[in-house]
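These protein sequence lines map, in sequence, to chains A and B. Per the working numbering, the first sequence starts with residue 1, numbered consecutively. Per the working numbering, the second sequence starts with residue 1, numbered consecutively.
Think of the hints as simulated: they come from the structure by calculation, not from any bench. Check the hints yourself; a few may be wrong.
[Claimed, not checked] Below 25 Å or equal to it, Euclidean Cα-Cα: the simulated DMTMM-like pairs (lysine to aspartate or glutamate) are:
hint : chain 1 : residue 1 : chain 2 : residue 2
1    : A       : Lys149    : B       : Asp42
2    : B       : Lys3      : B       : Asp42
3    : A       : Lys503    : A       : Glu579
4    : B       : Lys94     : A       : Asp166
5    : A       : Lys77     : B       : Asp42
6    : A       : Lys157    : B       : Asp11
7    : A       : Lys157    : B       : Glu36
8    : A       : Lys157    : B       : Asp17
9    : B       : Lys93     : A       : Asp190
10   : B       : Lys4      : A       : Asp505
11   : B       : Lys93     : A       : Asp185
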Amino acid sequence: MSSNIRKLTFFLTTFLLLLLPWFLQNSSEEIEPVLIDKKGTAFYQTNTCEFTLFDILSQNFLNDEINILPDTYSSVKCNSKINGVDYFESDIKVYIGTNANIDFLLQSLIWLLLIALIPKSNVRKFKYNNIIPIAITSILFTLHLLGEKNFYTSFAKSYSSNISFDNYFLTSLIAALIFILIIFDDLLKDRFYNLINYFPFMFLFIGAYNTFNLNFYLIILVYIGLRIFFETKVNVKLTLLYALLTVFWLVNNENIYLYFDVDKLKGFVSSSQSTYSQIFWIISFYFVVLALYTILNESKDFVNLKMIRYNFLLVGGLVSLFGILSAFYPFIRFLTYYNLGLNKLGMGNFTAIEGNTWRGISHSAEALGEYAAFTILFAVLISFHYKIKISNFEIVLIFLTLLNLFRSNNFAAVSSMVIFITLFFMNQLIKSKSFKITLIIFVIFSSLIIYSKTSEYSYKFVSSVLLNEAVNASIISDTLPGNEDGFTAADFSNFEIFLQESKEDSSLSSSLYYALDQYTNDGNIKYLPDSVAMVSQISVPINRSEKWGIFIAKYDPDFFEFIFGKGPLQLADYYLSHETKYNDGLVLPHSSLLDLLIFFGIFGVFSLLIYSTYLIYSNKKNAVYNYLFLFLLINYMKSDSILYLSSFILLYFTTYFYKFSFAIEGNLYNE
Amino acid sequence: MNKKIYSICGDSNQIVDFETIGNDPNFVFKNDPNFETIVLYDPEGNIVNVNSWLECANYVNGVWTNGLYEQLDFERMLFFLTVSSIFLYLVFKKIWKVRNYQ
Numbered sequence: 001m002s003s004n005i006r007k008l009t010f011f012l013t014t015f016l017l018l019l020l021p022w023f024l025q026n027s028s029e030e031i032e033p034v035l036i037d038k039k040g041t042a043f044y045q046t047n048t049c050e051f052t053l054f055d056i057l058s059q060n061f062l063n064d065e066i067n068i069l070p071d072t073y074s075s076v077k078c079n080s081k082i083n084g085v086d087y088f089e090s091d092i093k094v095y096i097g098t099n100a101n102i103d104f105l106l107q108s109l110i111w112l113l114l115i116a117l118i119p120k121s122n123v124r125k126f127k128y129n130n131i132i133p134i135a136i137t138s139i140l141f142t143l144h145l146l147g148e149k150n151f152y153t154s155f156a157k158s159y160s161s162n163i164s165f166d167n168y169f170l171t172s173l174i175a176a177l178i179f180i181l182i183i184f185d186d187l188l189k190d191r192f193y194n195l196i197n198y199f200p201f202m203f204l205f206i207g208a209y210n211t212f213n214l215n216f217y218l219i220i221l222v223y224i225g226l227r228i229f230f231e232t233k234v235n236v237k238l239t240l241l242y243a244l245l246t247v248f249w250l251v252n253n254e255n256i257y258l259y260f261d262v263d264k265l266k267g268f269v270s271s272s273q274s275t276y277s278q279i280f281w282i283i284s285f286y287f288v289v290l291a292l293y294t295i296l297n298e299s300k301d302f303v304n305l306k307m308i309r310y311n312f313l314l315v316g317g318l319v320s321l322f323g324i325l326s327a328f329y330p331f332i333r334f335l336t337y338y339n340l341g342l343n344k345l346g347m348g349n350f351t352a353i354e355g356n357t358w359r360g361i362s363h364s365a366e367a368l369g370e371y372a373a374f375t376i377l378f379a380v381l382i383s384f385h386y387k388i389k390i391s392n393f394e395i396v397l398i399f400l401t402l403l404n405l406f407r408s409n410n411f412a413a414v415s416s417m418v419i420f421i422t423l424f425f426m427n428q429l430i431k432s433k434s435f436k437i438t439l440i441i442f443v444i445f446s447s448l449i450i451y452s453k454t455s456e457y458s459y460k461f462v463s464s465v466l467l468n469e470a471v472n473a474s475i476i477s478d479t480l481p482g483n484e485d486g487f488t489a490a491d492f493s494n495f496e497i498f499l500q501e502s503k504e505d506s507s508l509s510s511s512l513y514y515a516l517d518q519y520t521n522d523g524n525i526k527y528l529p530d531s532v533a534m535v536s537q538i539s540v541p542i543n544r545s546e547k548w549g550i551f552i553a554k555y556d557p558d559f560f561e562f563i564f565g566k567g568p569l570q571l572a573d574y575y576l577s578h579e580t581k582y583n584d585g586l587v588l589p590h591s592s593l594l595d596l597l598i599f600f601g602i603f604g605v606f607s608l609l610i611y612s613t614y615l616i617y618s619n620k621k622n623a624v625y626n627y628l629f630l631f632l633l634i635n636y637m638k639s640d641s642i643l644y645l646s647s648f649i650l651l652y653f654t655t656y657f658y659k660f661s662f663a664i665e666g667n668l669y670n671e
Numbered sequence: 001m002n003k004k005i006y007s008i009c010g011d012s013n014q015i016v017d018f019e020t021i022g023n024d025p026n027f028v029f030k031n032d033p034n035f036e037t038i039v040l041y042d043p044e045g046n047i048v049n050v051n052s053w054l055e056c057a058n059y060v061n062g063v064w065t066n067g068l069y070e071q072l073d074f075e076r077m078l079f080f081l082t083v084s085s086i087f088l089y090l091v092f093k094k095i096w097k098v099r100n101y102q
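Extracted from the complex, chain B is given alone in its bound form:
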């Protein structure tokens, strides 16, 4: 299962057959009273409220996100970028020092 789905919709043991849901035009998602409604957005800015984990997973499997995922994704990227910069800076510093001593 896509990591993005768990990140946005939360954990679940359900195994989803997205192909079956996609091929059934009459498929109706049942509301889960224990599931806290999540707002999802598509790239055009359309909004949908999902009321079950299955519905959420189905949408996220497409192009929908909660807006925050993208944000977290960027922050993860920024984190690794910064850590790499620290590493590179220290390596260059070391090389610079060695060159100056020679």
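Only chain A is shown next, with the shape it has when bound in the complex:
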């Protein structure tokens, strides 16, 4: 087949996959679609399941009153059709039918086509055939569907947890999965070593399925992990340790079919606490990590920094572009959500929301800001350190990325980016080591002095505000008597009152009870500041007092759970088991470190901190690596980015970036 015909076939297939489903269904021939306004609402409420998305397009493309949303509980008959219209003062909600079985096949095929676009590299030969990895992935997939039945009964009309051949909901999904994995396997062999150069596209094509608590990349990484597991020497000690922890997590798990509304975390966190679900996430996490490790390790000779920089910037620009288009056109917003696999619909306007933030098509403004700042930091460091010339088009992309950064209003990302860029240039320009150290110490101390002098809060307030927030988030705060002005003991930091009851009789979480005890009963270690007060002081300038306070109010582990956690990606128990004022709505811990504490306990957190310190120390001469790694560590400490697969992979990539150093130098000379 000639190259032109191949290209034409590819673009035609992509076009058909992207658009065909939205006008393929039979539409009404007797009635014509009308403009969707207050009057038109009644028309569409009477004529449900009559018009496809494309039927209403011509009349409503510029209609900014509408907001198109997926009706995830649709029958197949009404898939891609208008299933309902509701009139609100703010907007008119138009519901388009989407069906789970169709979503899984269609969205996967779209993303497989994109993988096909990655240029071929050397062939990666696998020792064994793919039957066992496909079979195990299918079993894991089935476990997931059975284990999270409360999630799926609300998304799929014909969901059934019966294991029988007659359960065509399940069998057709498994058949679709096998089909997808067979195609993926063929694409993988020729592109394995090139995946790393194109991974920034995971920030554009997020890969979250519309009607599943699954992510496309999770499935293919689990599959790659299984493919590798049978042929490479895995780290036996770490695998055994993980197996031991798995036993602990499973034994301690209470098998409950909860329903934790995963919302924007869709695809990378469990929605249930069932044993099946826990097995799925524990095993999947292991294979995802194994796959990532192997890809990074084996691809180091194929890393092309110029291409990675270009892809980071291109994605930054496209995210900005799609964000703006989605803000103005509801049709583009819906198609962007579906085809890119976004965790949630993009924003419907270009004006900022709460806290003057704008998230565009990203799941959160914080994540958008982090990505944009990392991209610019990466581009600057790579361009100047390795002397890779930047093109005019890339400069345009930098401006579009900067637009994301400033609209997201992520102060921490902007300031840490500026600090690391300044440090980098300072390091290049100033040669005297002693002068550099003196300058850094001077800047740190003067910043601290300026902050303490200009801060409007007293030392006592700053030290206890975290506990105030935690007590206020607990249900106990509703029963506290107030003085004539309505202030309670919590407002005056009289925390002794909460310790009069024993832990067993108290309605406080174990972590809050411990923190109050530590703060009140002088648990200080000599010459060291009080640990609770210190965390509280850190939380104030980075605006995390409220969120971390809520975390302390909610986090209620027993001793062993505190040590070893609940298992990877298990948030349901933390979220729902201990009653606070925040058991509804997705109020996350707002720190990846706290997320890790829930998953792997203090043992896991300390292990990772020690490992990170070791990496930084052992690469102390590799400034580019340390700046990038520290930038992410600092920003992830105050955000939940670890809960998003793309951000998790970015951290993984950055953690092992030092491995590429020598290979990168080699690649540059080869160009």
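Keeping the supplied structure of chain A fixed, place chain B upon it in accordance with the hints.
The following block gives chain B in isolation, referenced to the frame of chain A:
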């Protein structure tokens, strides 16, 4: 007996003479207290609650369905379509390989 009836109304040993029921304008279906009420829909969107297996079978024998049957029917179709696609893909792959080696 139509497979669709068993799928929607459940299993039963009863043998139904639909013609007799259809020709008798005064036929009254007796409620079965052990039968869990099923909601059926016709193509116009009308709804009927049936309270016995016989009543259910009679309606389903016409044009009424529980909405889900259609769904399951589609999923069955999708299943066979996907399995056929896998088969075709593998066959084409084999042919492609053989042609490239020649």
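Here is how each hint holds up against the structure:
For the hint linking Lys149/A to Asp42/B, the alpha-carbon distance of about 30 Å lies beyond 25 Å, and the restraint is violated. The hinted pair formed by Lys3/B and Asp42/B meets the criterion: a straight-line CA distance of about 18 Å does not exceed 25 Å. Proposed proximity of Lys503/A and Glu579/A is supported: the alpha carbons are some 15 Å apart, at most 25 Å. For the hint pairing Lys94/B with Asp166/A, the CA-to-CA distance comes to about 31 Å; that exceeds 25 Å, so the pair is violated.
A threshold of 25 Å between alpha carbons decides the hint, and for Lys77/A with Asp42/B the separation of about 14 Å falls inside it, so the pair holds. Note on Lys157/A and Asp11/B: the hinted pairing holds, with a Cα-Cα distance of about 22 Å set against a maximum of 25 Å. Restraint check: the Cα-Cα separation between Lys157/A and Glu36/B comes to about 19 Å, which is no more than 25 Å; the hinted pair holds. Among the hinted pairs, Lys157/A with Asp17/B is inconsistent with the structure: their alpha-carbon atoms are about 33 Å apart, more than 25 Å.
Restraint check for Lys93/B and Asp190/A: satisfied, since their Cα atoms lie roughly 15 Å apart, inside the 25 Å limit. A threshold of 25 Å between alpha carbons decides the hint, and for Lys4/B with Asp505/A the separation of about 58 Å lies outside it, so the pair is violated. This hinted pair checks out: Lys93/B and Asp185/A have alpha carbons roughly 12 Å apart, not beyond 25 Å.
In terms of the numbered hints stated before, the structure departs from hints 1, 4, 8 and 10, listed from lowest to highest.
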